[in-house]
Structure formats: structure tokens, C-alpha cells
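As a plain string of letters, each chain reads:
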Amino acid sequence: MKKTFKKVMSLAIVAAMVLSVAACGSKNTNGSAANAGAGTFKIGGIGPTTGGAAVYGTAVKNAAELAVKEINAAGGINGYQVELNFQDDEADQEKGVNAYNTLKDWGMNLLLGSVTSGSCVAVAAKTAEDNMFQLTPSGSAVDCVANDNAFQVCFTDPNQGIAAAQYIGQNAMATKVAVIYDSSDVYSSGIYEKFAGEAKNQPFEIVATESFTADNKTDFSVQLQNAKAAGAELVFLPIYYSEAALILNQAASMEYAPTFFGCDGLDGILAVENFDKSLAEGVILLTPFAADAKDEKTQKFVADYQAAYGDTPNQFAADAYDAIYIMKAAIEKSGATPADGVSGICDKVKGAMTEITVDGLTGIGMTWAATGEVNKEPKAMVIKDGAYALIQ
Amino acid sequence: MKKFNLSKTTKDNLWTYGIVLVIALITGILLLTGNLSSLMEGLLVPICSYVILAVSLNLTVGILGELSLGHAGFMCVGAFTSAFFSKLTENVITVDIVRFILAIIIGAAFAGLMGILIGMPVLRLKGDYLAIVTLAFGEIIKNVINVLYIGIDSKGIHFSMKDSMALGLEPDGKIIIKGAQGITGTPKDSSFLIGVILIFITLFIVLNLIHSRDGRAIMAIRDNLIAAESVGINITKYKMMAFSISAALAGVAGVLYAHNLNSLMATPKNFGYNMSIMILVYVVLGGIGNIKGSVIAAVVLTVLPEVLRGMNNYRMLIYAIVLIVIMLFSWSPKCLEWREVFMEKYIRPRFAKKTSEEGK
Chain A
1 MKKTFKKVMS LAIVAAMVLS VAACGSKNTN GSAANAGAGT FKIGGIGPTT GGAAVYGTAV
61 KNAAELAVKE INAAGGINGY QVELNFQDDE ADQEKGVNAY NTLKDWGMNL LLGSVTSGSC
121 VAVAAKTAED NMFQLTPSGS AVDCVANDNA FQVCFTDPNQ GIAAAQYIGQ NAMATKVAVI
181 YDSSDVYSSG IYEKFAGEAK NQPFEIVATE SFTADNKTDF SVQLQNAKAA GAELVFLPIY
241 YSEAALILNQ AASMEYAPTF FGCDGLDGIL AVENFDKSLA EGVILLTPFA ADAKDEKTQK
301 FVADYQAAYG DTPNQFAADA YDAIYIMKAA IEKSGATPAD GVSGICDKVK GAMTEITVDG
361 LTGIGMTWAA TGEVNKEPKA MVIKDGAYAL IQ
Chain B
1 MKKFNLSKTT KDNLWTYGIV LVIALITGIL LLTGNLSSLM EGLLVPICSY VILAVSLNLT
61 VGILGELSLG HAGFMCVGAF TSAFFSKLTE NVITVDIVRF ILAIIIGAAF AGLMGILIGM
121 PVLRLKGDYL AIVTLAFGEI IKNVINVLYI GIDSKGIHFS MKDSMALGLE PDGKIIIKGA
181 QGITGTPKDS SFLIGVILIF ITLFIVLNLI HSRDGRAIMA IRDNLIAAES VGINITKYKM
241 MAFSISAALA GVAGVLYAHN LNSLMATPKN FGYNMSIMIL VYVVLGGIGN IKGSVIAAVV
301 LTVLPEVLRG MNNYRMLIYA IVLIVIMLFS WSPKCLEWRE VFMEKYIRPR FAKKTSEEGK
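Those protein sequences? They're chains A and B, same order as listed.
FYI, the numbering for the first sequence is 1 to 392, going by the working numbering.
FYI, the numbering for the second sequence is 1 to 360, going by the working numbering.
Be a bit skeptical, because a hint or two may be false.
Said to hold, decoys possible - Computed list of lysine-lysine pairs in DSS-like fashion (alpha-carbon distance at most 25 Å, straight line): (1) LYS333/A x LYS297/A; (2) LYS228/A x LYS155/B; (3) LYS277/A x LYS200/A; (4) LYS176/A x LYS11/B; (5) LYS11/B x LYS345/B; (6) LYS8/B x LYS237/B; (7) LYS294/A x LYS277/A; (8) LYS217/A x LYS228/A; (9) LYS200/A x LYS174/B; (10) LYS348/A x LYS376/A; (11) LYS162/B x LYS217/A; (12) LYS237/B x LYS200/A; (13) LYS333/A x LYS69/A.
Keep in mind that the hints were calculated from the coordinates and are not lab data.
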């Protein structure tokens with residue numbers, strides 16, 4: 001018995017070694033020759049499907065798969081079928097580049113990703129080198145679209161910050177505002193910076209700026225106490241929903257009830273487990289997507305997504321679903337074919353991106369500037385009776 | 001025949017250099033002839049930096065016998081100081097290689113300096129204090145960098161720990177370190193060739209140190225502190241020497257890492273506690289005190305998760321199982337016994353035959 005165990009073990013190790021050697025020697029399959037023969041558009045996806053940010057990556061992966069299935073069932077793009085290969089990057093820059101190289105070996109024509117900003121910036125440098133068309137569903141940092149081959153579906157962080165400040169100012173929601181943000185997070189600090197910059201032009205004053213870091217995000221009583229002491233009527237939360245849920249909880253327990261205002265990161269707060277939804281009543285957030293919106297498109301998407309994956313789609317899923325359809329629209333407009341090769345497709349599609357107008361889940365009449373930034377109306381939602389409701 | 005009668009340590013060293021050289025040559029040939037997949041090509045520089053990290057940590061853990069849990073912190077210091085320097089002088093020093101060599105020296109110097117600063121109070125103590133302090137150091141450095149804003153304009157360098165507006169830059173200014181967003185647009189100076197050269201320099205430094213008089217003193221401290229002290233070895237000095245060299249080499253790995261990626265951020269993933277443990281895993285799996293083993297373990301364990309991508313979400317599971325299997329294979333007493341028997345039965349007789357034939 002012992003002997004067999006050892007044999008199995010040594011076999012396993014030998015197998016692992018052979019695998020790694022085999023990978024070292026594997027043939028290079030990228031380049032135009034491999035692409036020319038293919039009759040399908042190969043779309044590569046990059047995002048975290050394991051680790052702390054797996055929620056976002058998995059949502060993007062699922063929604064992209066859903067969109068690809070629909071497109072293929074309807075006859076593909078320009079008559080070509082679409083293939084999707086989604087690779088894990090653990091929300092890390094280095095792993096993102098590895099995932100990108102893996103997809104290149106697979107023969108990717110267009111890239112959907114990355115999901116997170118940090119990884120996206122690192123991958124963007126690579127796509128620029130290869131002239132690969134890149135459309136990120138949710139990489140919101142400005143550097144994600146620094147090159148002309150990269151486009152965004154979501155708002156950039158600065159746009160969100162500026163839009164939030166303008167919204168608060170124009171609607172005269174408060175005169176004294178406090179901000180609680182995550183200084184160790186790119187998304188959060190990016191929005192905060194522009195919010196604070198724009199706030200100077202608006203008729204309100206930031207009376208307290210409180211920050212926390214990823215290592216210390218369970219107790220917010222100090223930050224809330226400071227905001228309360230400064231007399232803030234509105235607390236701006238450019239953070240993700242899990243921390244926001246804690247903040248709402250702790251604010252309620254210290255009987256502090258300002259208006260809470262967030263960005264798209266707050267989307268999903270109603271789905272937090274053991275969260276008393278009544279606490280979120282009256283919270284306003286700028287988000288492009290709400291799963292219980294009443295329009296036909298959203299309802300169909302939500303129903304299909306729930307049927308396929310048993311989960312309510314979040315904003316990331318909607319962004320990814322839109323991204324695939326945006327790619328479709330741009331490819332159809334440009335008349336690109338898989339035979340054009342990576343660089344050829346990129347040149348055609350990036351030209352078409354500035355000409356198309358797409359009606360998607362996350363916005364009606366989305367257009368793109370050559371800089372890669374999307375132009376769409378931010379939607380403000382308020383949480384009313386335990387559901388998101390659009391503010392008109 | 002006398003010429004070939006090298007000492008055991010020299011032979012062992014030559015083996016280590018030889019393994020690296022052969023792997024590097026094969027990879028280099030594959031790379032030049034275009035036979036390497038993009039994935040592998042992209043992995044080459046990270047592999048080099050992890051090898052350097054593993055070897056440098058082995059100096060602290062294996063040779064000095066102290067536990068360091070913040071090796072990624074030193075890597076972080078090296079990465080950020082050098083990337084900062086490269087961004088600053090991107091337009092001043094236009095010869096890439098000169099700038100990169102300077103960046104390497106700066107990264108190593110700052111990481112080494114941090115090593116000395118931490119070592120000064122801690123290495124005078126006996127016990128596990130180094131592990132505790134380095135653990136804290138790794139976390140602190142990551143958080144400090146996440147609130148650090150540095151910009152430059154015509155008036156000079158501006159510095160803030162609040163946000164980028166507090167820098168008060170002139171319109172022509174540019175922000176170099178942008179808090180949590182880190183440094184973006186570091187010139188891509190790292191290459192496989194430079195990585196391999198740095199590995200050789202690292203091996204040269206570490207192996208020579210181990211087999212020098214100083215190295216024997218360091219190992220004496222590891223094996224018996226009281227005995228070492230009684231024969232007049234300056235404990236703190238030698239501990240400091242090994243630890244700061246180890247930190248400086250980790251800084252070099254950080255430089256290589258930083259100049260390979262376009263965006264450099266201090267996230268828990270790349271410079272946090274998990275990374276430090278990952279490096280420690282390389283060292284432990286390769287064999288504590290075994291430099292050759294560290295090199296091999298770092299290469300295999302960096303390549304493995306990427307090779308397993310075909311298994312999708314199961315890859316992390318498989319990776320963990322492989323780790324456990326390797327650990328059992330290389331450390332379990334029964335396995336060691338079995339390997340000994342296996343060697344006696346199949347490998348040794350052949351070698352013995354060969355050498356005896358050569359002898360004739």
C-alpha cells in the first residue's frame with residue numbers, strides 16, 4: 001500500500017515537471033498566420049475569478065458569456081461566430097499580463113478587460129505594443145485608456161467624482177459635506193480627488209475628509225464621529241458596497257442620519273447578507289445600472305442571467321454585457337473580419353468606435369471620444385422601499 | 001587528473017551556476033528562435049526577480065537562521081525608489097541601460113538601508129523578534145506608499161501625505177507617485193538578459209559570502225550562538241551583514257519587477273504579507289540553506305500556476321496540492337528514506353561505473 005502511494009506521488013511530481021517543461025517548449029501560435037485561418041472572432045477576457053475581487057470578475061465573465069451565446073445564436077458578428085476565453089488575473093498587474101500573454105497564445109483578436117483598474121493599466125501597455133483592440137468594462141482609472149486602442153464602458157473615476165460634486169451642488173442637497181474614502185484603493189481615491197477638486201466650484205463645503213485603508217475597514221466610528229462633529233449634512237462615500245454597509249450600520253447605531261451619497265461602487269449594497277435594508281433607505285447613488293429597472297432590456301437580461309447563473313447581475317455584469325454588444329456594433333460598422341489579424345481589426349474597430357452610438361443596459365445613446373472615454377448620462381438612483389429607484 | 005579534483009563546495013557552486021546557465025541558455029535560444037509562447041516570454045522577467053528574491057531570503061533564513069516575514073517589504077522599497085528615479089530621469093538620462101543600472105543601485109541601496117535600520121535594534125535581540133518586526137515593516141511600508149504623493153514641477157519636488165491637490169503643483173508639474181494609484185508609466189527597462197545577469201550577480205554574492213570567513217562566522221551564529229560568541233565572533237555585526245545584504249538583493253528584485261510592468265502599485269497582493277510568505281515557500285520547498293533548491297523552487301512555482309491555467313478555477317486547488325506533495329516529497333522522513341534507497345539502487349551504481357571508467 002505504501003509503495004503504491006509513493007509511486008503515485010512520484011508520478012504526480014513527474015507529471016508536474018513534464019507539464020512545465022512542455023509549456024516551455026510549446027510553439028508560438030500568435031501572429032497573423034494563425035488568425036487568418038480562423039473563421040471566428042476570438043475575444044479574450046481578463047478579470048479576477050479567484051481572490052478578493054472575484055465577485056466582479058465572475059460577474060463580467062458570466063455576462064460576457066451570456067452576450068456571446070446570444071450573438072452566436074443570432075448568427076454571430078458579420079456572419080462570424082464568436083469565441084470567448086476568460087482568464088483569471090487575481091486583480092494583480094503581473095498576473096494580468098500573464099493572462100494577456102496566455103490569451104495571445106490562444107489567438108485572441110479583441111480584448112475585453114481588464115476588470116480592475118490596476119491590472120488594466122498594466123495590460124493596456126501590452127495591448128498598445130501589440131496594437132490589440134481593448135475595451136474595458138469596468139477599469140475606471142484614466143490611465144486604462146491612455147492609449148488610442150483602448151476604450152471604456154464605465155465612467156472614468158474623474159468623471160464620476162465631478163458628476164457627483166455637480167449633482168450635489170446643482171440640486172442644493174447640502175452645504176456641509178463629509179467624505180469617507182479608502183485611501184489605499186485606486187477607484188476610491190481617484191473619485192475623491194476629482195470630487196474635492198470640483199467641490200471648490202460648487203456651493204457646498206467639504207467639512208471633513210476621512211479615510212481608511214484596506215487593512216483597517218471594519219470600524220468606522222472615528223470617521224463618522226468626525227463627520228458628525230463637523231456638522232456634515234451629507235456624507236459622500238466613493239467606496240464599495242461592503243464597507244458602505246458597515247458605515248450605514250454604524251451611523252445608525254450612533255444616531256447620525258445625514259444623506260449618504262455614493263457612486264457605482266455602492267451598487268450591490270442591498271444584496272449584502274444580514275444587512276438591514278431599511279438602513280439604506282434614502283441613500284443616493286450614481287450608477288449606470290439597476291437590476292430592478294423596469295425597461296424591457298434590463299428585465300430580459302436580469303431574467304436570463306438569473307436563469308443561467310442563479311444570481312442577480314450587478315453593474316459589472318451589465319458593463320460586460322454591454323461591452324460585448326459594443327464590440328459587435330463597432331465590428332459591424334467597420335466591416336472587420338477575423339482575417340484582418342489583430343492589428344488590422346484594431347485599426348478598423350478603433351476608427352468605428354467614435355462613430356457608433358449604442359443603446360445598452362448602462363446607458364442610452366452611448367458614444368465614445370477618440371480618447372477612449374465613454375459619453376453617457378450618469379443616472380442617479382435613490383434607495384426607496386428596499387429597491388433602487390431612478391431619480392428623474 | 002589533479003586538476004579536476006575540485007573541492008566539494010566548489011563543485012557544488014559550479015553545479016548551481018551550471019543549472020542557471022543551462023536553463024538560461026536553453027530559454028535564450030528558444031526566445032531568439034521565436035519558439036517560446038507569449039506567456040512564457042512574459043514570465044521570464046518575473047521568474048528572474050522571484051529567483052533573486054528566493055536566493056536572497058535564503059541568506060537570511062537558511063544561512064543566518066533568522067526568520068524574515070517582510071521580504072516583500074524590501075522588494076517594495078527597491079521597486080518604488082528605483083521606479084521613482086527612473087520616472088524622474090526619464091528625459092534626463094536617455095541611455096536606457098545607464099539609467100537602469102543606476103536604478104538598480106539606488107533600489108538596492110535604499111532596500112539595504114532599510115535592512116540596516118531594521119536590523120540595528122532587532123538583531124541585537126535573541127528570539128523571534130526579527131520575524132515580528134519584519135512582518136510589521138512589510139505592512140507599514142505598503143501603507144506608507146499608499147498615502148504618499150510626490151510630484152515635480154519647475155520649482156522642484158513636492159511632497160504630501162494627504163492627496164494630490166495638496167501638492168500644489170504648477171500647471172506644468174507632473175505627479176510621479178500618486179498614492180494608491182502608485183507609479184504609472186515606468187520605462188520598461190527590464191529584460192531577460194539583465195535578469196539573468198542579476199541572478200548570476202546575486203548567486204555570486206551569496207555563494208561567495210557563504211564560503212568566506214564571514215560566511216562561516218554567520219553559520220556559526222546560526223548553529224550555536226553561545227559558542228560563536230565565546231570564540232569572539234561579533235554577533236550583531238555578522239547578523240547585520242547577512243540581513244542587510246539579503247534586503248539589498250530583495251531590493252534588486254524589486255527594481256527588476258518595477259521596470260517590467262507599466263503600473264506599479266503597492267497592493268496586498270504584490271507587496272503584502274502573502275507575497276512574503278510566497279517567497280518563504282520558495283525557500284522552504286527548495287530546502288532551507290540550499291541555494292540551488294531556491295532557484296529551482298522559484299522557477300517551478302512561478303511557472304506552475306500559469307501552466308495550470310487550462311484547468312480554470314481548479315488551478316489554485318491543484319497548485320495547493322502540488323505544494324503539499326512537493327513538501328512531503330522533500331521533507332517527510334519516509335520519503336527521504338525512499339529517495340535514499342532509490343538513489344542507491346539506480347542512480348549511484350551508474351555514476352560509480354562511469355567515474356570508475358573515467359578513472360581508467
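Status of each hint after checking the structure:
1. LYS333/A x LYS297/A: holds (22 Å)
2. LYS228/A x LYS155/B: Violated, at about 39 Å.
3. LYS277/A x LYS200/A: Violated. LYS277/A to LYS200/A sits at ~34 Å, over the 25 Å cutoff.
4. LYS176/A x LYS11/B: violated (74 Å)
5. LYS11/B x LYS345/B: holds (24 Å)
6. LYS8/B x LYS237/B: violated (28 Å)
7. LYS294/A x LYS277/A: holds (21 Å)
8. LYS217/A x LYS228/A: Judged against 25 Å, a Cα distance of about 19 Å means the pair holds.
9. LYS200/A x LYS174/B: Roughly 21 Å separates the two Cα atoms, so the pair holds.
10. LYS348/A x LYS376/A: holds (23 Å)
11. LYS162/B x LYS217/A: holds (19 Å)
12. LYS237/B x LYS200/A: violated (56 Å)
13. LYS333/A x LYS69/A: Cα-Cα ~21 Å, so holds.
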